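One letter stands for each residue in the lines below.
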Amino acid sequence: MALINHRAREIHFKIVYYGPGLCGKTTNLKRLHDRLPAERRGRLISIATDHERTLFFDFLPIDLGEIGGFTTRFHLYTVPGQVYYRLSRRAVLQGLDGIVFVADSHPAREEANRESLADLGTHLVTLGLPPEQLRRLPWVFQYNKRDVPAAVPVERLRAALNPGRAPEFESVASEGRGVAETLRAICKAVLARLASENATRESAPGGTPAGGPGATEPSRQPAWAGAAPGA
Amino acid sequence: MPQWTLFENDFRAIDQVLDALLEKTNALSVHLIDRSGQLITTSGRSADFDATAFASLVAADFTANAEVSQLLGEPSIEAVVNEGKSRSVYSCLLADRVIMCTVFDRRSTLGLVRLRAGRAAKQLDSVFKKLFEKVGLVEAGRGTSDFAAAAGREVDALFGD
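Quick mapping for you: the protein sequence lines, in order, are chains A and B.
Per my numbering, the very first residue in the first sequence carries number 1; after that it's consecutive.
Per my numbering, the very first residue in the second sequence carries number 1; after that it's consecutive.
One chain only, chain A, in its complex shape:
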C-alpha cells in the first residue's frame, strides 16, 4: 500500500520477494546492497538463523531521491522460504505494493516452486485483498540459478508458474546477473499502477481529477490471481 505523506513529502512503496527456501531471495537483496551507491540505500537488515537462513525477513530500503517534491522510497522485503515459516511469511506480506516471485531453476525444486506460489496465493486471499486489487497487484517473475546443470527450461517454468505472462527475467543472483533488471521491472510496474489508479479515478463518474494519462498497462498475473487460490 503506497503511503503518500504530504508532511514529510515522502512516498513509500513496499515490494516483497517471495519464493521457496534457498531460491535466492536474500542473495538478490545482498547483490542490490552491494551494487547501489551508499546514498541511495539504507542498512540491509537480516533476521536470520546462525546458519544464515532467513528466520523472519530481510529488509533493504532504497531511496530514489526527490521526485516532484517528494522523496520516493522502495522498501524491499524477503520472506523466509522454508515451509514451516508460513505465518511469518504472511506477516511480511502486510501492505505490499508489488511482488517478485523468485523461482529456483534446479530440477529438484520444481515442486517447491509450485507449492510456494500456491502458498502465496493463499496468503494474499487471507490478507483480505479484494479480487480487483489482487488482479491489479504488480508481479514480476525471476527464474534464478540459471547456471545450475540441467536447469529447468524457462518455457517449462513459465508454463507452471507464469501462464499469465507477467514480466519475467532469468538470473544468477549469486553473480548479480538479472538482479537489477528484476527490481527495475517491479519498481516500474508499481509506479505504473499508481498512475493508472489515478487515471481510472479521473475517468470514473464523480472521480477526482488526476494528472493526465500515464502508464496504464494492467498487471499480468498468475492464473490463480483473482480466482481460487492455491491452484
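Hints listed in this document are in silico derivations from the structure and should not be mistaken for laboratory results.
List time: in silico SDA-like cross-link candidates among lysine to any residue, alpha-carbon distance up to 25 Å: (1) Lys129/B with Pro130/A; (2) Lys24/B with Glu83/B; (3) Lys85/B with Ile45/A; (4) Lys30/A with Glu154/B; (5) Lys134/B with Phe70/A.
Model, not experiment: these values are computed from the prediction.
Based on the hints, put chain B in the right spot on chain A.
Okay, now just chain B, sitting in the frame of chain A:
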C-alpha cells in the same frame, strides 16, 4: 492495495494527541507506524537511531506477536512490550492498522505509558478511522502520472546498464 494519503491537516489532530502523550508520560518519543512497516509520523526525540529500520522491525514484531496470540487462541493482541536496560518500547494498535509505539526510559514507567497510551490510542482511533474512510476519495493524484514517469526515469538511471 489502495494508496493512502496523509495531508497536513490530517496531522493536526494527531500531533495534539502525540504531544500530550509525551508530556504526560515523560516518554522519549512516540511513533506512528503503518502495519506494512512504513513510518507515518514521529513526535519527540529519535535522532539517534535509524527510524526507517525501526519502523520495519516494529511492524514485523507486532504482526508476529499477533500471530502468536492467535495461536494461543486470543482473538487479537492488545500490546507488545520491548523491555530494555535503558530504553523500552510499548506498542499498541489503533484503527486496526496503525501501530503507536512509545519509547521511554527510566524517567517513566511501563504502567504509566500503558495507561496513557491506551487513552491516546482511543482518541487517535477515531481520527484514523475517519481518515481511512477518505481512502479512495481524496484527490491523491494531480500530476501522479507525471510523478510516475519521472520516478520511472530515476529507476532506469539507478538500475540501467
